[in-house]
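> So the sequences go chain by chain: D and U. FYI, the numbering used here numbers position 151 of the first sequence as 151, with every residue one higher than the one before it. FYI, the numbering used here numbers position 164 of the second sequence as 164, with every residue one higher than the one before it.
Treat the hints as calculated values from the structure; they're not laboratory data. Among these hints, one or two may not hold up.
Derived lysine-lysine pairs resembling DSBU-like cross-links, with alpha carbons at most 30 Å apart [stated by the list, open to error]: (1) U:K6 x U:K234; (2) D:K103 x D:K42; (3) D:K42 x D:K333; (4) U:K221 x U:K6; (5) U:K234 x D:K103; (6) U:K221 x D:K333.
Listed next, the stretches of chain D that the computed footprint assigns to chain U, with coverage defined by at least 3 CB atoms under 8 Å from CB atoms of chain U [unchecked claim]: (7) 49-63; (8) 80-86; (9) 259-271; (10) 321-328; (11) 338-346.
The following label-pair restraints were derived from C-beta to C-beta distances [what the hints assert, rightly or not]: (12) U:A80 x D:L112: 42 to 48 Å; (13) D:L275 x U:A80: 35 to 41 Å; (14) D:V180 x U:Q91: 30 to 36 Å; (15) U:A61 x D:D77: 53 to 59 Å; (16) D:L275 x U:V21: 55 to 61 Å; (17) U:Q245 x D:A242: 35 to 41 Å; (18) U:H203 x D:D77: 29 to 35 Å; (19) U:D27 x D:T10: 48 to 54 Å; (20) D:S154 x U:R32: 28 to 34 Å; (21) D:N125 x U:K6: 56 to 62 Å; (22) D:H114 x U:L224: 58 to 64 Å; (23) U:R73 x D:R237: 37 to 43 Å; (24) U:E5 x D:T10: 30 to 36 Å.
We treat Cβ as the ideally placed atom computed from N, Cα and C, and that holds for glycine.
So you can see what is in the structure, the chains are spelled out below.
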Amino acid sequence: MTTATAGTATFRQDPSGGCVVASGDWTLAGAAALSALVDRLKRQHPNGACIDAHGIGRVDTAGAGLLLDLAGTSPIDGLDPTHRALIDAVARARARPGAAPRKPPYGLVALLMHTGAATEQVGRNAWHLVGFIGLLLNTLARCVIDPRRWRITSLAFHLEQTGLNAVPIVVLLNFLIGAVVAFLGATVLQDFGASIFTVELVGYSFLREFGVLLAAILIAGRSGSAFTAQIGSMKAREEIDAIRTLGLDPIEVLVLPRLLALLIALPLLTFLAMLAGIIGGATVCALSLDISPTMFVTRLHELAAVQHFWVGMSKAPIFAFLIAAIGCLEGFKVTGSAESVGTRTTSSVVQSIFVTILVDALAAIFYMEIHV
Amino acid sequence: MNGREKVIEVRGLRNQFGAQVVHENLDLDVYRGEIVGVVGGSGSGKSVLLRSIIGLNRPAAGSVTLLGEDLQRLSDTRRAAIESRCGVLFQNGALFSSLTVADNVMVPLREHFHLPLALMQQVAALKIALAGLPAEAGAKFPAELSGGMVKRAALARAIALDPDILFLDEPTAGLDPIGASAFDRLILTLRESLGLTVFLITHDLDTLYTICDRVAVLSQKRVLIADTLARVEKCDDPWIHEYFQGPRGRAAATAATHAAIPMR
Numbered sequence: 001m002t003t004a005t006a007g008t009a010t011f012r013q014d015p016s017g018g019c020v021v022a023s024g025d026w027t028l029a030g031a032a033a034l035s036a037l038v039d040r041l042k043r044q045h046p047n048g049a050c051i052d053a054h055g056i057g058r059v060d061t062a063g064a065g066l067l068l069d070l071a072g073t074s075p076i077d078g079l080d081p082t083h084r085a086l087i088d089a090v091a092r093a094r095a096r097p098g099a100a101p102r103k104p105p106y107g108l109v110a111l112l113m114h115t116g117a118a119t120e121q122v123g124r125n126a127w128h129l130v131g132f133i134g135l136l137l138n139t140l141a142r143c144v145i146d147p148r149r150w151r152i153t154s155l156a157f158h159l160e161q162t163g164l165n166a167v168p169i170v171v172l173l174n175f176l177i178g179a180v181v182a183f184l185g186a187t188v189l190q191d192f193g194a195s196i197f198t199v200e201l202v203g204y205s206f207l208r209e210f211g212v213l214l215a216a217i218l219i220a221g222r223s224g225s226a227f228t229a230q231i232g233s234m235k236a237r238e239e240i241d242a243i244r245t246l247g248l249d250p251i252e253v254l255v256l257p258r259l260l261a262l263l264i265a266l267p268l269l270t271f272l273a274m275l276a277g278i279i280g281g282a283t284v285c286a287l288s289l290d291i292s293p294t295m296f297v298t299r300l301h302e303l304a305a306v307q308h309f310w311v312g313m314s315k316a317p318i319f320a321f322l323i324a325a326i327g328c329l330e331g332f333k334v335t336g337s338a339e340s341v342g343t344r345t346t347s348s349v350v351q352s353i354f355v356t357i358l359v360d361a362l363a364a365i366f367y368m369e370i371h372v
Numbered sequence: 001m002n003g004r005e006k007v008i009e010v011r012g013l014r015n016q017f018g019a020q021v022v023h024e025n026l027d028l029d030v031y032r033g034e035i036v037g038v039v040g041g042s043g044s045g046k047s048v049l050l051r052s053i054i055g056l057n058r059p060a061a062g063s064v065t066l067l068g069e070d071l072q073r074l075s076d077t078r079r080a081a082i083e084s085r086c087g088v089l090f091q092n093g094a095l096f097s098s099l100t101v102a103d104n105v106m107v108p109l110r111e112h113f114h115l116p117l118a119l120m121q122q123v124a125a126l127k128i129a130l131a132g133l134p135a136e137a138g139a140k141f142p143a144e145l146s147g148g149m150v151k152r153a154a155l156a157r158a159i160a161l162d163p164d165i166l167f168l169d170e171p172t173a174g175l176d177p178i179g180a181s182a183f184d185r186l187i188l189t190l191r192e193s194l195g196l197t198v199f200l201i202t203h204d205l206d207t208l209y210t211i212c213d214r215v216a217v218l219s220q221k222r223v224l225i226a227d228t229l230a231r232v233e234k235c236d237d238p239w240i241h242e243y244f245q246g247p248r249g250r251a252a253a254t255a256a257t258h259a260a261i262p263m264r
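Isolated chain D (complex conformation):
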């Protein structure tokens, strides 16, 4: 291979008018310098000048493009046949008609555009979710009355995935948060000599709020995202369309088993979460507050705890329904690419956690108003 010499071009005045002499390698490696050189020469000789290319070494497509820029409509002399073929091919490709690529807006316009698009998206998401929930309830009602359409195997599989496999993480997390809440309570309440009320604090918070909320958030991150990714990648590979053409209903085949599995699994997980949180609190009480487990349980009994337990438990199926609906709906929104699976999964987790906390807040106000 010949040694590389940087490409260059100079203007040579001669009796016939003048000519640009190009020499050296016109390749991508020197393209930045050559591009600047071509711009300068074109400014100096706006009418174009013939090109003498006898001294040219190697040429690649980028170099050919620059040579053509330099030549404009004038001829290029002295090319050897292989270079001539390349330059012809590049010239043909450049001559193909086509619209110039559109420029994306920037600055304030882009900001306004994104804000508008995002606002519209929020409204659209809510609208779709309401529609999808309607569709789900409709399909559910049709399938419940017909035992032949129950998909027991699929349901059992999803119960294992979303319920059983989530037990360790849910229990561990609630145990730790229970311990933390007990520590916090103990620190604050000790100043008032009321550290015994730590029991109430842990009991109240886990039965009414934390148990179900933590379980739901974990499930939204763990199973809601999985639903989106599973259904989304099926959508991307046209499997959903295949299900439709086989005369099956994707809602019935894919969504109902997942929905029912979550409706069963989340209340069970919530129960475990409450238990784990209270045990975590009781452990801290026993180890650092001299409240024995017996005393803890007796005190818990005096709380009218069953009522609080049902307040917490009543929210579990609602959260389960919303998480499953959002997870599956986002899966159906996936378009062809792998990237859109990622975007939709993120959106699914964010939406389901947001909706969970929103509904929990509304429920708290509701139960407070009816004095439960």
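Given chain D's structure and the hints, the job is docking chain U onto it.
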């Protein structure tokens, strides 16, 4: 052999996945400037051979020399230098789905050269046009393209750095006959103008007959024969006989001899 420069030299290659041996004692040479078509039954290891040559697959035994260097023994920087002289068109395009077509083509330009953005965009637009795509395709995302356009966009990325060797894995699979023959002509034009060496895996007999200088037949874990089509056709191996003398093979051969396809 005949003094031409070998750009790919495979000697005694052995590839194995678990107990399954895909290649055993496989030899293959590819010379500068030629178009070599690789054929073989499904599962005969054509794609594995390609992956071994470009260094994505470490062979169990044997050596692969690419542009005079053994990729497995090179340092990372030298290896990257050799790799940047190869363009690969993967079977399903393997375009980066998060980038537009123009950005896809610009990825190798960005990584290997420090060029002003405007110039890179200009080069990318040129490659997109060379690959036969309309200019507005540059702003599209891979998910918005049809199958044929994905192949062309992937080709534009493969030729982004003006490679010495172009590897094509079933470039015409899934294209309609018009699109497929246009793609064949495109490869020929690029070979003539850019001086490419092309390593081509295909099931498309028309492609074999119209553009390949030599055909390598992959069967029984090795390259049975690598020669001009006329000689490969006459080979008395039963598989080769059935491949080229079957109804499809004969039709493609007739089409190639009768239709003097204008190449330019």
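> It remains to establish, for every hint, whether it holds in the given structure.
Hint by hint, here is what the structure shows:
| no. | hint | verdict |
| --- | --- | --- |
| 1 | U:K6 x U:K234 | holds (26 Å) |
| 2 | D:K103 x D:K42 | holds (26 Å) |
| 3 | D:K42 x D:K333 | violated (51 Å) |
| 4 | U:K221 x U:K6 | holds (23 Å) |
| 5 | U:K234 x D:K103 | violated (57 Å) |
| 6 | U:K221 x D:K333 | violated (45 Å) |
| 7 | 49-63 | holds (count 3) |
| 8 | 80-86 | holds (count 3) |
| 9 | 259-271 | violated (count 0) |
| 10 | 321-328 | violated (count 0) |
| 11 | 338-346 | holds (count 3) |
| 12 | U:A80 x D:L112: 42 to 48 Å | holds (43 Å) |
| 13 | D:L275 x U:A80: 35 to 41 Å | violated (57 Å) |
| 14 | D:V180 x U:Q91: 30 to 36 Å | violated (53 Å) |
| 15 | U:A61 x D:D77: 53 to 59 Å | holds (54 Å) |
| 16 | D:L275 x U:V21: 55 to 61 Å | holds (56 Å) |
| 17 | U:Q245 x D:A242: 35 to 41 Å | holds (38 Å) |
| 18 | U:H203 x D:D77: 29 to 35 Å | violated (46 Å) |
| 19 | U:D27 x D:T10: 48 to 54 Å | holds (51 Å) |
| 20 | D:S154 x U:R32: 28 to 34 Å | violated (58 Å) |
| 21 | D:N125 x U:K6: 56 to 62 Å | holds (59 Å) |
| 22 | D:H114 x U:L224: 58 to 64 Å | holds (59 Å) |
| 23 | U:R73 x D:R237: 37 to 43 Å | holds (40 Å) |
| 24 | U:E5 x D:T10: 30 to 36 Å | holds (34 Å) |
The structure is inconsistent with the numbered hints 3, 5, 6, 9, 10, 13, 14, 18, 20, although it conforms to all the rest.
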